[in-house]
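S.K.: Could you put the whole structure together from the sequences, leaning on the hints where they help?
These are the residues of each chain, in order.
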Amino acid sequence: MLNMVWPIFIIVSFVYAIFMGNIDNLNNSIFSSTQEAINLSITLLGTMSLWSGIMKIASKTSLIQNFTKILNPVINILFPEIKEDIQIKNAISMNIIANILGLGNAATPLGLRAMKLMQEKNVEKKTLTNSMATLIVLNTASIQIIPTTVIAIRSLLESENPTKIIFPVWIATICSAIAGILATKFFIKIGK
Amino acid sequence: MNAINFLSNLAMPLIILLIVIYGLFQKIKVFDLFLDGAKEGIQILISIFPTLIGLFVAIGALRSSGILDFIINLLSPILNIFNFPTEIMPLALIRPISGSGSIAVATDIMKTYGVDSNIGLMSAIIMGSTETTIYTIAVYSSSVGIKNTRFVLYASLLADLIGILVSVLVVSIFF
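Quick note, the sequences are listed as chains A and B, same order.
Residues 1 to 192 in the working numbering are what the first sequence lists, from first letter to last.
Residues 193 to 367 in the working numbering are what the second sequence lists, from first letter to last.
One thing to keep in mind: the hints can contain errors.
Among the chain A residues that face chain B by a calculated CB cut under 7 Å, a handful are [what the hints assert, rightly or not]:
#1 Trp6
#2 Tyr16
#3 Leu103
#4 Thr127
#5 Pro147
Hints listed in this document are in silico derivations from the structure and should not be mistaken for laboratory results.
What you are looking at is a predicted structure, and each value in this text was computed from that prediction instead of being measured.
Glycine residues also receive a C-beta, built at the ideal position from the N, C-alpha and C atoms.
M.R.: Printed below as a string of structure tokens:
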């Protein structure tokens, strides 16, 4: 995907900036973007290590298995190819739980852990399996009970009722997640 | 508001506490395991770091060159036909590609049109119900060295589109 998207982004914006005389802005943004990437990486380094460590402990206890049992019916529908691989199931259910609780910082490390476990079973190492594709789509759908970031912005801007949007967010999230999953199932079915 | 704040602050500490206590009860060497896992976490970050640099430069260029604004202007007549509020177009376009960018744009829209106005509510609901799709796909696939992401981009963008349309619709119905 990025072999196609990345050059398009670069060419379109560089050419546009040159023709519109916006090259100063662009030049500055090249440096500030690498800085932003470094800042994000350092933050991620902390949360990634912390949650990978915590999950390692959890994987040796029976705690996660209990969570997984609750989510099992959902996981079986979404990821029919995993079957009884309990390690992968545990990692996926922790990722889903972190997403639902709105722990964005934890959800990514947990999701990447699931990806790593699934990659070990993957025959074509350069191509996503059906289950990996489903996990990514699920993670782009942003399923969460409390959208904390938006609520924080709304109270910062002195909204009369910052939490008023919670219920509408649920409706929008559920519709978007269902659309994503249905599209995924459709593409898998037609063999894409 | 306070109760929700309290609950969301409680979630993360509670999970860590639960796992550590559980580990101790089941007589597991918790800190040794923690260290093993943390090392794996560093490995994962190293494998996604080059992707982050490349992606951030490209997205920064899209924003700073002015091409995004150009595309929005181009699309607005079409959107007017469908009665889609053009005020939230910048957010709809930037939401899938940049997390920090979309927070900036959403905050700006809420400030300009009022945080409790219909436009302000729409942008808040869009922020809450969608993710930084391209970043998520890039990070997840590059962490395990995947090159071919198949249909994932289309499925995720479709999900975003539906999320945005429903956000607009929900505000017109509920508020």
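S.K.: If a hint holds in the structure, say so; if it doesn't, say that too.
M.R.: Taking the hints in turn, this is what the structure says about them:
1. The interface hint given for Trp6/A holds, since its Cβ lies 5 Å from the closest Cβ of chain B, which is under the 7 Å cut-off.
2. The restraint placing Tyr16/A at the interface with chain B holds, with a minimum CB-CB distance near 4 Å, inside the 7 Å limit.
3. Taken as an interface hint, Leu103/A checks out: its beta carbon lies about 6 Å from the nearest beta carbon of chain B, inside 7 Å.
4. Using the Cβ-Cβ criterion of 7 Å, the hint placing Thr127/A at the interface with chain B is satisfied: the shortest such distance is roughly 4 Å.
5. About 3 Å separates the beta-carbon of Pro147/A from the nearest beta-carbon of chain B, less than 7 Å, and the hint is met.
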